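Chains as they are written, first to last, in UniProt numbering: chain A, 1 to 599; chain B, 1 to 599.
These are computed hints drawn from the structure, not numbers from a lab. Source: prediction; values computed, not measured. For each residue, glycine too, the CB sits at the ideal point set by N, CA and C. Among these hints, one or two may not hold up.
[Claimed, not checked] If you want the ones that stay clear, here's a sample from chain B, every Cβ over 10 angstroms from chain A, calculated:
1. Asp27
2. Tyr234
3. Arg236
4. Arg270
5. Pro320
6. Glu420
7. Ala466
8. Leu549
9. Glu575
10. Thr582
11. Arg586
12. Lys587
[Unchecked claim] Some, not all, of what chain A presents toward chain B, calculated at C-beta under 7 angstroms:
13. Arg266
14. Arg270
15. Pro591
16. Tyr599
Protein chains: 2
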Amino acid sequence: MSGVHPAWLGGLGGGAGLGDDVVLTRDPLCGLEAEAYTIARSGGVTTVVAADEAGLMYGSFHALRLDGELAAQTHRPFVARRMVQHWDNVFVHPVMGQVERGYSGGSLFWEDGALTDDLDRVGDYARLLASVGINAVSLNNVNVHAGEARLLTDRLSEVAALAARFRQYHIRVYLSVSFAAPMVLGGLDTADPADERVKAWWAAATQRVYATIPDFGGYVVKADSEGQPGPFAYGRTHADGANVLAAALAPFGGEVYWRAFVYNHRQDWRDRSTDRARAAYDHFTPLDGEFAANVVLQVKHGPIDFQPREPVSPVLLSMPRTSLAVEFQATQEYTGQQRHVCYLPPMWSSVLSTVAGAVDAVVTVSNAGDDRYWTNHPLAQANLYAAGRLAWDPALDPIALLDEWIGLTFPPAAAGVVHELMRDSWAVYEGYTSPLGVGFMVHPGDHYGPDVDGYEYSRWGTYHFADRDGVGVDRTRATGTGFTGQYPQPLADEYESLDTCPDELLLFFHHVPYTHVLHSGKTVIQHIYDTHFQGAAAVAEMVGRWAALPPETVGEDLHARVADRLREQVRSANEWRDQINTYFHRKSGIPDAQGRRIY
Amino acid sequence: MSGVHPAWLGGLGGGAGLGDDVVLTRDPLCGLEAEAYTIARSGGVTTVVAADEAGLMYGSFHALRLDGELAAQTHRPFVARRMVQHWDNVFVHPVMGQVERGYSGGSLFWEDGALTDDLDRVGDYARLLASVGINAVSLNNVNVHAGEARLLTDRLSEVAALAARFRQYHIRVYLSVSFAAPMVLGGLDTADPADERVKAWWAAATQRVYATIPDFGGYVVKADSEGQPGPFAYGRTHADGANVLAAALAPFGGEVYWRAFVYNHRQDWRDRSTDRARAAYDHFTPLDGEFAANVVLQVKHGPIDFQPREPVSPVLLSMPRTSLAVEFQATQEYTGQQRHVCYLPPMWSSVLSTVAGAVDAVVTVSNAGDDRYWTNHPLAQANLYAAGRLAWDPALDPIALLDEWIGLTFPPAAAGVVHELMRDSWAVYEGYTSPLGVGFMVHPGDHYGPDVDGYEYSRWGTYHFADRDGVGVDRTRATGTGFTGQYPQPLADEYESLDTCPDELLLFFHHVPYTHVLHSGKTVIQHIYDTHFQGAAAVAEMVGRWAALPPETVGEDLHARVADRLREQVRSANEWRDQINTYFHRKSGIPDAQGRRIY
Chain A
1 MSGVHPAWLG GLGGGAGLGD DVVLTRDPLC GLEAEAYTIA RSGGVTTVVA
51 ADEAGLMYGS FHALRLDGEL AAQTHRPFVA RRMVQHWDNV FVHPVMGQVE
101 RGYSGGSLFW EDGALTDDLD RVGDYARLLA SVGINAVSLN NVNVHAGEAR
151 LLTDRLSEVA ALAARFRQYH IRVYLSVSFA APMVLGGLDT ADPADERVKA
201 WWAAATQRVY ATIPDFGGYV VKADSEGQPG PFAYGRTHAD GANVLAAALA
251 PFGGEVYWRA FVYNHRQDWR DRSTDRARAA YDHFTPLDGE FAANVVLQVK
301 HGPIDFQPRE PVSPVLLSMP RTSLAVEFQA TQEYTGQQRH VCYLPPMWSS
351 VLSTVAGAVD AVVTVSNAGD DRYWTNHPLA QANLYAAGRL AWDPALDPIA
401 LLDEWIGLTF PPAAAGVVHE LMRDSWAVYE GYTSPLGVGF MVHPGDHYGP
451 DVDGYEYSRW GTYHFADRDG VGVDRTRATG TGFTGQYPQP LADEYESLDT
501 CPDELLLFFH HVPYTHVLHS GKTVIQHIYD THFQGAAAVA EMVGRWAALP
551 PETVGEDLHA RVADRLREQV RSANEWRDQI NTYFHRKSGI PDAQGRRIY
Chain B
1 MSGVHPAWLG GLGGGAGLGD DVVLTRDPLC GLEAEAYTIA RSGGVTTVVA
51 ADEAGLMYGS FHALRLDGEL AAQTHRPFVA RRMVQHWDNV FVHPVMGQVE
101 RGYSGGSLFW EDGALTDDLD RVGDYARLLA SVGINAVSLN NVNVHAGEAR
151 LLTDRLSEVA ALAARFRQYH IRVYLSVSFA APMVLGGLDT ADPADERVKA
201 WWAAATQRVY ATIPDFGGYV VKADSEGQPG PFAYGRTHAD GANVLAAALA
251 PFGGEVYWRA FVYNHRQDWR DRSTDRARAA YDHFTPLDGE FAANVVLQVK
301 HGPIDFQPRE PVSPVLLSMP RTSLAVEFQA TQEYTGQQRH VCYLPPMWSS
351 VLSTVAGAVD AVVTVSNAGD DRYWTNHPLA QANLYAAGRL AWDPALDPIA
401 LLDEWIGLTF PPAAAGVVHE LMRDSWAVYE GYTSPLGVGF MVHPGDHYGP
451 DVDGYEYSRW GTYHFADRDG VGVDRTRATG TGFTGQYPQP LADEYESLDT
501 CPDELLLFFH HVPYTHVLHS GKTVIQHIYD THFQGAAAVA EMVGRWAALP
551 PETVGEDLHA RVADRLREQV RSANEWRDQI NTYFHRKSGI PDAQGRRIY
C-alpha cells in the first residue's frame with residue numbers, strides 16, 4: 001500500500017472493500033475457461049462464478065471496481081499470457097544501476113546483491129499485478145550479467161522465495177537467462193545448441209528449477225543482441241537456439257520468451273543502405289514455423305526501440321506459424337523517465353488494434369520499483385494499470401481505463417484535474433520532442449533530454465539525416481531501404497506513398513524538404529515549430545492546473561511529488577522546444593511564420 | 001626503467017652512464033645561484049660545478065645528455081618553480097577512475113584507496129622528473145573528494161612516504177586541498193576565510209604537515225570551479241581565500257598554487273552574451289596586487305580548456321603584481337588521449353614565447369601512470385620530457401628537444417622514423433579535428449572522438465554557433481562578447497580585425513560565412529575539407545612509416561604497442577574527417593572543390 005490510495009490494489013482476502021455481500025462460487029463444471037469468470041450484481045449482492053481459483057480472483061478484483069448494479073457478464077482474457085518483465089539487476093551495475101532503465105528507485109526483488117528482506121512488499125506488488133490481470137512476471141534483467149546468471153543455479157532458492165509470493169496471486173515467475181549459461185555456469189567450452197552436452201546441461205538445469213519451483217514459468221532470452229551471446233556464434237539459427245531451451249522446458253509446461261530485438265549495433269553511420277528497422281524482420285521471418293510450440297517470439301511493438309512514435313513492427317504481421325508476444329515498455333525510457341507525465345495506453349491500444357489477432361502474449365516492461373509510489377511519478381502508475389487491463393482486453397478504450405484508474409485512486413474532487421493532465425499527455429510529449437516519427441533525438445546513453453545529433457554519427461543505426469534542405473529517413477522501396485516492403489498490404493503502399501503516409505510517421509518513412517506540405521496543410525518546418533511551442537505551452541498549463549488543486553485533496557506528499565516532477569517537465573520541455581527549434585532553424589534558415597522566439 | 005630505453009632516466013648515483021670521467025664539485029662560494037651549474041667536457045673528462053646539491057644533480061643529468069666536447073657553459077633555470085601536477089585519486093572515482101583524465105593506467109601513488117606498495121617505481125619517477133628539471137610535484141587530483149581530503153590530516157604519513165622518495169631528487173611535494181577542509185576535516189560549520197577559527201584551523205593543519213614533512217611544498221587549490229567549494233560562498237574574493245592558506249604556509253616557506261579556472265559551468269546556451277573565455281580575466285584581474293607573496297595564481301595557457309588551438313590567456317599578460325604560473329596539460333585530454341601521436345611542445349613553446357617574461361612558474365599536468373611505458377603511448381613520453389626542459393629554458397627549440405629525447409631513447413636506426421612521425425603531429429591532429437581554433441567538437445564527458453554538436457546546447461559555455469550560413473564565435477569588441485578587449489595591444493587589435501586575425505584562430509574570435517576567404521586564399525569551408533582529408537591521410541602515412549621500421553630496432557613489444565595505437569589513430573582520424581566534413585557539408589550545402597567523398 002505504502003502511502004498511495006490503495007483502492008485498486010486492495011482487498012482480496014483481507015476483506016477491505018470485499019465484504020459479505022460478495023458470493024464467490026468455484027464451479028469446475030460451469031463451462032468457463034481457465035481464468036474466466038461471470039460476474040453480476042443485483043440488490044447489492046455481487047456474485048462471481050468461475051471454474052478455477054484464478055477466475056474467482058479476477059472476478060473479485062472486478063467486484064472491487066464495480067460501481068452500481070450489473071447484469072451478468074462473462075469476462076475472459078484475450079490472451080493467456082500476460083506478462084510483466086523486470087530489468088532488475090541483482091548487483092548494482094556500474095552504469096545501469098540496480099534496475100536498468102529503471103526510474104523508480106531500487107529493485108523490488110534485490111538490493112545490493114542480496115534478495116530483498118521486504119518480501120511483504122513483493123506480495124503487495126503481486127496483488128497489484130494480479131488486480132489488473134497480469135499472470136506472469138520475469139524477475140531479472142534481459143541483459144544477464146555473471147552474478148545474475150547464477151539465479152538459475154545456486155541462487156535458485158531466492159527465486160523460489162519470490163515465486164511463493166507471486167503464487168498467492170496466480171502469477172508464475174520467469175527468469176532471464178544467458179544463452180551462454182552452459183559455459184558461464186556449466187563449465188562447458190561451448191553453448192552451441194547442436195552440442196549434446198549443451199542440450200543435456202539445459203535439461204538438467206531446468207529439471208533442478210522445477211524440482212524447486214513446480215509452477216515455474218520459463219525463460220526470457222535476449223540473444224545475439226547488443227552484445228549478449230547467442231546462436232550466431234555457432235552458425236546456428238535463432239530457432240536452433242530457442243528450441244534447445246524449449247525442449248528442456250517442455251516436459252514441465254514451461255515456455256521460452258525469445259526476444260526478436262536482434263540488429264547490428266555496430267553499424268557505420270556512413271552506410272545508408274543498412275536499416276536497423278529492417279533487422280528483426282530480416283532475421284526472424286525466414287524462421288516462421290521452425291520454432292517449437294513452447295517458444296514465444298517476443299517482438300517490440302515498433303521496429304526500432306520504444307520511441308514515442310513508431311509504426312507497428314511488421315514482424316508482428318508476418319509470422320503466422322509462430323507464437324508471438326508484443327512487447328510494450330511501461331518504464332518510460334524514451335518517454336520522460338517518470339519525470340514527465342506521459343500516459344502511454346493510447347499508443348499501445350493503437351498497436352493492439354492492428355496486431356491483437358496475431359499475438360499470443362502481451363509483455364510489458366515494468367515501471368515499478370521500491371519507490372513509495374511504486375513508479376516515482378505517481379501518475380505513472382496508470383501506465384502499469386492499463387498495461388495489464390489491455391492485455392486482458394485489448395478492445396478496452398484507453399481513456400476509459402484512465403478514468404477507471406483515476407476513480408480507483410483519487411477522490412472525485414481530484415478526478416477532473418488528473419484526467420486533464422493525463423488524457424493527451426502522450427501527444428503533448430510527442431509534440432515537444434522528436435517530430436513526425438523521426439525519433440532518437442535524445443541524449444545518448446541516458447536517453448533523457450534532447451540531443452538532436454546525439455545519435456546521428458553513432459553506431460546504433462538511429463539517424464535522421466537532417467541537412468540544410470530536409471530531414472527524415474527514406475525507407476521506401478522506390479528509392480530507400482525498402483523497409484516499407486516488409487509490410488503486408490495495404491500498409492506497404494500506404495507507407496510507401498507520400499500521398500498516403502500519415503503525417504505522424506512521415507519522417508520515419510520519408511526524407512522530405514523542410515518545405516514539404518503535410519496533410520495538415522502546414523510545412524514540415526512550420527509543423528516542427530508549432531508543435532514544439534504548443535507542447536511546451538501545454539506543459540506550462542499543466543503546472544498551473546495541478547497547482548490549483550488543493551494539496552489536501554490528494555494528500556500533501558503526493559501533491560508535492562507531482563508538483564516537483566511537473567517543474568522538471570516544464571524545464572525539460574522548454575529545453576526540448578528551444579534545442580529542436582534552434583537546430584532546425586539553423587539548418588533550414590526558415591523563420592517561424594508566427595515570429596516566435598527561436599534562439 | 002620498466003622496459004623503455006632508459007638513457008634519459010638513468011645513472012645518477014647508480015653509476016650507469018656517469019663514470020669516473022665526471023668530476024662533480026660542490027662549491028658554495030662559486031657564485032652560482034641555487035640549482036644552477038657550470039658544465040664543461042674536455043679530453044673526455046666532464047666537470048660540473050654548482051653551489052648546491054641540486055645544481056650538481058642537474059649538471060649530472062646534463063652530462064648524461066652530452067655528446068662530444070663542450071666548452072664551459074653555465075645553465076640556470078628560467079623559473080624557480082617547475083611543477084608537475086597529478087590528477088590522481090586515492091579511491092577509484094566511479095566516473096573518472098583512479099586518475100582523472102589519465103590515460104596511462106593507474107596512479108603511480110595510490111591504488112584502490114591505499115598507498116602504492118611500489119615506492120621504488122615512485123623513486124624511478126622522481127628521477128625521471130628531476131632529469132628534465134622538474135623540482136615540484138603535486139600528488140593528488142585538484143578535484144578533492146572526501147577520501148582524498150584526508151591526505152592533509154590522518155593520511156599524512158602516506159604523503160611523507162612519497163615525499164621521502166621525491167626528496168632524493170630535490171623535488172618538493174604538494175597536496176591539492178579542498179577549500180572546505182575546515183568543514184570536511186575540521187568539523188567547523190564554515191570555511192569562511194574571514195573566520196578566525198578557519199584561519200586557526202589552516203594554521204594548525206599546516207603546522208602538523210611541516211612537523212612531518214619539513215620541506216613540504218604547499219597547496220594546490222581549485223576553488224569555486226566546476227562544483228568545488230570556494231570563497232564565493234561567503235562573499236569573499238579569491239584573494240581573501242588564497243591568502244588564508246598562504247598565511248598558514250608562509251612561516252614554513254610554503255606556497256599556494258591557486259587555480260584561475262573559474263567560470264560559470266551552468267551557463268544557458270541560449271545566452272550569447274556570456275562568454276566563458278572572458279571568465280578568468282573578469283574574475284581575477286581586479287585582484288592584481290591583492291594576493292600574498294607566496295600565492296601563485298595558476299592560469300591555463302588558453303582562455304578555455306586545453307584545446308588543440310587557443311590563443312594565449314590574457315590573464316597571463318594582465319597581472320603584473322601577481323605571481324603567475326602557466327599551466328600546460330601533458331595528459332592528452334583533448335589531444336588524442338595517448339592513443340594519438342601528438343607532440344605538444346611546439347604549442348607550449350609558442351605560448352611561452354609570449355608569456356615567459358610574465359610567469360614565475362610553469363606547471364604541467366602529468367601524463368604518467370603505472371603503465372610500463374609510463375605514458376601508454378611510448379611516444380607520449382616526449383611531451384613530459386620537453387615539458388620539463390621547456391620549464392627550465394623556454395627558449396629551447398621544441399624540435400631540437402624532440403631530437404634530444406629521441407637520441408636518448410631510441411637507437412640511431414629508428415631516430416629518423418620517430419622524428420618524422422612526431423615532428424608535425426600536433427599540426428596533423430589539429431588538421432583532422434576542430435577547425436580554425438573553434439574547439440570543443442568532442443564527445444561530451446570522455447572528450448574523445450568527434451561530436452560536433454556534443455557541447456553546442458550544453459551548460460559548459462563551449463559553442464561554435466554553426467548554422468547554414470557560417471560558423472564561429474564573435475568575441476570582438478565591435479559586435480561580439482568583447483573578449484578581444486582583454487588583450488593588451490597589439491594583440492587586441494590583431495584579434496579584433498578579420499584582416500589581421502591569424503587563420504588558425506579565426507573561428508575562436510569571429511563568426512564568418514563558410515565562403516569567407518582566409519589569408520591562405522582558401523574559403524573556410526574548403527579549408528575544413530582540405531585539412532580533414534589531409535590530416536587523415538597524414539595519419540595513414542604514419543602507419544606505413546612505422547610498419548616499415550623493423551620491430552627489433554626498437555624492441556618488438558614497443559613496436560607493437562605503437563602500431564596498435566596508430567591503428568586506433570587512423571580509425572579515429574577517419575571518423576573525425578568524415579563526421580566533420582559531413583556535418584559542414586550538410587549545413588553549408590557547398591561541395592568539395594576536389595570532389596572527394598563526403599558522406
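These are the hints, each one checked on the structure:
{"no.": "1", "hint": "Asp27", "verdict": "59 angstroms, holds"}
{"no.": "2", "hint": "Tyr234", "verdict": "29 angstroms, holds"}
{"no.": "3", "hint": "Arg236", "verdict": "31 angstroms, holds"}
{"no.": "4", "hint": "Arg270", "verdict": "4 angstroms, violated"}
{"no.": "5", "hint": "Pro320", "verdict": "40 angstroms, holds"}
{"no.": "6", "hint": "Glu420", "verdict": "30 angstroms, holds"}
{"no.": "7", "hint": "Ala466", "verdict": "7 angstroms, violated"}
{"no.": "8", "hint": "Leu549", "verdict": "31 angstroms, holds"}
{"no.": "9", "hint": "Glu575", "verdict": "8 angstroms, violated"}
{"no.": "10", "hint": "Thr582", "verdict": "7 angstroms, violated"}
{"no.": "11", "hint": "Arg586", "verdict": "4 angstroms, violated"}
{"no.": "12", "hint": "Lys587", "verdict": "6 angstroms, violated"}
{"no.": "13", "hint": "Arg266", "verdict": "13 angstroms, violated"}
{"no.": "14", "hint": "Arg270", "verdict": "4 angstroms, holds"}
{"no.": "15", "hint": "Pro591", "verdict": "13 angstroms, violated"}
{"no.": "16", "hint": "Tyr599", "verdict": "4 angstroms, holds"}
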